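Generate coordinates for the entire structure from the input sequences, incorporating the hints supplied.
This note's numbering applies: residue 1 is where the sequence shown begins, and numbers increase by one.
If you're looking for bench data, these hints aren't it; they were derived computationally from the structure.
Since we're looking at a predicted model, the values are computed, not measured.
Take these hints with a grain of salt, some might be off.
Stated by the list, open to error - Pairs of lysine-lysine, DSSO-like flavour, derived with a Cα cap of 27 Å:
#1 Lys19 - Lys38
#2 Lys68 - Lys13
#3 Lys68 - Lys120
#4 Lys120 - Lys38
#5 Lys38 - Lys68
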Amino acid sequence: MATLKPFAALRPKADLAAKICELPYDVMNSDEARAIAKDNPFNFLHVSKPEIDLEPNADVYSDAVYAKGAENFQLLQEQGALAQDALPCFYLYRQVMGSHTQTGLVAAASVSEYDSGIIKKHELTRPTKEDDRVRHMEALNSQTGPVFLTYRATTELDALAQRLTATEAAVDLTADDGVQHTAWVIENAEDIAFIEAQFAAIDFLYIADGH
Numbered sequence: 001m002a003t004l005k006p007f008a009a010l011r012p013k014a015d016l017a018a019k020i021c022e023l024p025y026d027v028m029n030s031d032e033a034r035a036i037a038k039d040n041p042f043n044f045l046h047v048s049k050p051e052i053d054l055e056p057n058a059d060v061y062s063d064a065v066y067a068k069g070a071e072n073f074q075l076l077q078e079q080g081a082l083a084q085d086a087l088p089c090f091y092l093y094r095q096v097m098g099s100h101t102q103t104g105l106v107a108a109a110s111v112s113e114y115d116s117g118i119i120k121k122h123e124l125t126r127p128t129k130e131d132d133r134v135r136h137m138e139a140l141n142s143q144t145g146p147v148f149l150t151y152r153a154t155t156e157l158d159a160l161a162q163r164l165t166a167t168e169a170a171v172d173l174t175a176d177d178g179v180q181h182t183a184w185v186i187e188n189a190e191d192i193a194f195i196e197a198q199f200a201a202i203d204f205l206y207i208a209d210g211h
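Okay, here's the thing in structure tokens:
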């Protein structure tokens with residue numbers, strides 16, 4: 001059985017979401033990130049690649065870089081650009097890329113189930129990159145890079161997603177690269193309990209990052 005739990009996310013203010021939303025930190029180098037974010041203080045690269053706000057030759061693994069990321073992250077919250085939900089929720093997140101649409105559930109998964117093999121891994125990761133992400137999470141006290149998992153589809157979960165995505169979205173934007181991002185908050189207690197029960201009947205989750 002797989003364990004998924006709701007959590008209280010930090011979400012972007014709807015009218016700033018397009019300014020905050022950005023590509024993942026690891027698909028560009030520091031110079032490219034600096035050019036993208038230089039005129040936009042809300043761009044999330046100030047958090048995910050904070051070396052862009054330091055000297056160009058800064059060591060990307062230095063303590064100063066992680067401290068700057070934490071400072072920028074805190075500033076977004078103080079400005080109201082990011083606000084945390086009062087109660088734990090699940091979230092639906094849809095991306096539309098040309099003719100392709102994918103919809104996922106944003107949730108907290110179990111680290112112990114990764115260790116026990118309920119969450120299946122398919123490739124090795126480099127210790128340097130692992131350490132970098134751990135240090136980033138510890139500095140921010142937050143996880144800003146979700147792990148992409150897949151599972152064997154069920155008609156019940158598909159029906160729930162279809163019903164909920166027919167309601168008003170919390171965030172709906174089209175990024176500069178043309179990808180549409182839409183998110184819904186699942187805060188109803190019955191829906192939350194239903195999702196937890198559905199995943200409790202699923203044997204395995206599979207890490208699909210990079211594919």
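Here's how the hints hold up against the structure:
Proximity of Lys19 to Lys38 is assessed by CA-CA distance (about 12 Å); at most 27 Å being required, the pair is judged to hold. The straight-line distance between the Cα atoms of Lys68 and Lys13 is roughly 22 Å, inside the 27 Å bound, and the hint therefore holds. Restraint check: the Cα-Cα separation between Lys68 and Lys120 comes to about 34 Å, which exceeds 27 Å; the hinted pair is violated. Taking the CA atoms of Lys120 and Lys38, the gap is near 39 Å; set against the 27 Å cutoff, the hint is violated.
Of the pairs offered as hints, the one joining Lys38 and Lys68 holds, with about 15 Å between alpha carbons and a cut-off of 27 Å not exceeded.
Of the hints listed earlier, those the structure fails to meet are numbers 3 and 4, in rising order.
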